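Here are the chains, one letter per residue:
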Amino acid sequence: MNTLLSIEGLKKRFGKRLLFDIDRLEIEAGAAYVLTGANGAGKSTLLRVLCGLERAEAARLVFNGATLHLVPYPRAMRDAIAYVHQHPVMFATSVPDNIAYGLKARGMPREEISKRVDEAMAWAGIGHLRDSPPQTLSGGEKQRVALARARVLRPKLLLLDEPTANLDGAAREAVIALIPTLMHAGSSVVMACHDRDLIHLPGVHRLKLREGRLEMRSAS
Amino acid sequence: MQLIQAVRDAFALLLSGDPVLWRIIWISLKTSLLGLLLATPLAVGCGYAIASHAFTGRRVLIWLAQVSLSLPTVLIGLLLYLLLSRQGPMGGLGWLFTQSGIVAGQVVIALPVLVAFTLAAVQGADVRLAETAITLGASRWRVMLTLLHEVRFGVMAAIINGFGRVISEVGCAMMVGGNIAGETRTITTAIALETSKGEFAQGIALGIVLVAIALVINAGLMVLQGDAHAAPAVR
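In the order they appear, the protein sequences are chains P and Z. Residue numbers for the first sequence follow numbering that gives the first Met the number 0, so the first one is 0 and each next one is one higher. Residue numbers for the second sequence follow numbering that gives the first Met the number 0, so the first one is 0 and each next one is one higher.
One or more hints might be untrue.
Covered by chain Z, per the in silico footprint, the following chain P stretches (three or more residues, Cβ under 8 Å) [as the list claims (entries may be wrong)]:
#1 1-7
#2 79-86
#3 200-206
One side only, chain Z facing chain P, incomplete, derived with CB under 7 Å [unchecked claim]:
#4 Asp17
#5 Leu128
#6 Arg141
#7 Glu149
Going by beta-carbon spacing under 7 Å, a handful of chain Z positions derived as facing chain P [as the list claims (entries may be wrong)]:
#8 Asp125
#9 Leu135
#10 Ala137
What the hints contain is simulated information worked out from the structure, not anything from laboratory work. None of these values were measured; they are calculated from a predicted model. Cβ coordinates follow ideal geometry from the N, Cα and C atoms, glycine included.
Bound conformation, chain P alone:
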């Protein structure tokens, strides 16, 4: 397997407090990881660092074969990494426009956008929400729209922050059912989570943040 992302000496500080000091983080292309750790261990912050929402120091960064600097956040990573927030927020447009947002930002032709949005909506099982105002969607529906909004970009790396947090019943199961299909679509996936059903998905590697250090266990 090829290494998609390799970071050495990744440190994140808040003022004088060192949140984490990671010797080495390697994400293989097409592999899936769950990132666990106690509340406050820095799981969400690590994901936010990887998608450029938080600044951090890195001694060495290689992404997709290119040696880069983490600050300022490289365009190559911005275009290839998608992030789904724990509580996704919807733009006050329409569900298809929400999903098309990143494609429009990339200047994709309208026909291609329409095709990809239809495909993503079918994948997420949200075709019936096409005409629903995004602000009125339930938590589970918003999460599925957000997953479709990220997947439609065909990212090399998908970062999911607690994708099933605050969901229960059918909404949670619907989201869990989508995760393996993301993994099989060729993207690398890193999920920060506490959900046992996600942690025990087959073929998923485990990353654990403990006292500022990162431990890794290969998939069983």
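Position chain Z relative to chain P; hints supplied.
Here is chain Z on its own, set in the frame of chain P:
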């Protein structure tokens, strides 16, 4: 009884299509809307920039924007008068006692209102909106447009408030415009003049127009806001 008669005369004056009266209304609308049109892009851009960026002096700028909300327009008029008078640094423009001078005053009066309201609207927006736009690959420009679209009702309220302030101000228009009949006489300066002469009918007629403008503009805002006012905030 004098008031009732004055109101009757005011309506008669309005309905008669009196050219002097309608010229005053036209000058007021023209200078106010032009001032607002010039101030809005600059102020919304400044409000957004202050709200969304961390930089040295940010708090001072916010403080200045808020302080300038309470500056009397007559003081702004005085400062502009000094700048635009023949001996002033901007005297060469020849704007004193012209509609251009009034428009310049309206821009200065509208700017802090628009900046302060836009700033508040953008600061009140959910931080995840900008983060989501950024992580989906939006450029800085697209992030700004997205965020302003999300807080559009706040921005509209800013523009309405700005318009309310410029159309109703009298001090600056009087000082910089000079209240010249047919040239720089606006609704408010005309009301002040007619009242001082004891001619209440025209003053009331212009007052009615001022209230009608406020009603129409606010009704327009409510239509644009759609269902935003449909449900009470507290149930």
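To see whether the hints hold, each was checked on the structure:
Counting residues of the segment 1-7 of chain P whose beta carbon lies closer than 8 Å to any beta carbon of chain Z gives 0, which falls below the threshold of three, so the coverage claim is violated. Chain Z is given as covering the segment 79-86 of chain P, and this holds because 5 residues of the stretch bring a CB closer than 8 Å to a CB of that chain, at least three being needed. With a cut-off of 8 Å between beta carbons, the segment 200-206 of chain P has 0 residues touching chain Z; three or more are needed, and the interface restraint is violated. Interface restraint check: Z/Asp17 against chain P, minimum CB-CB distance 46 Å, threshold 7 Å, status violated.
For Z/Leu128, the interface hint holds, the least distance from its beta-carbon to any beta-carbon of chain P being 6 Å, beneath 7 Å. Satisfaction of the interface hint for Z/Arg141 is found here, the shortest Cβ-Cβ separation to chain P being roughly 6 Å, below the 7 Å cut-off. Restraint check, Z/Glu149 versus chain P: the minimum CB separation of about 6 Å is within 7 Å; hint holds. Contact between Z/Asp125 and chain P, as hinted, is supported at the beta carbon level, the nearest pair being about 6 Å apart and thus within 7 Å.
A hinted interface residue such as Z/Leu135 counts as satisfied when its beta carbon comes closer than 7 Å to some beta carbon of chain P; here the least separation is about 4 Å, so the hint holds. The closest approach between the C-beta of Z/Ala137 and any C-beta of chain P is roughly 5 Å, which is under the 7 Å cut-off, so the hint is satisfied.
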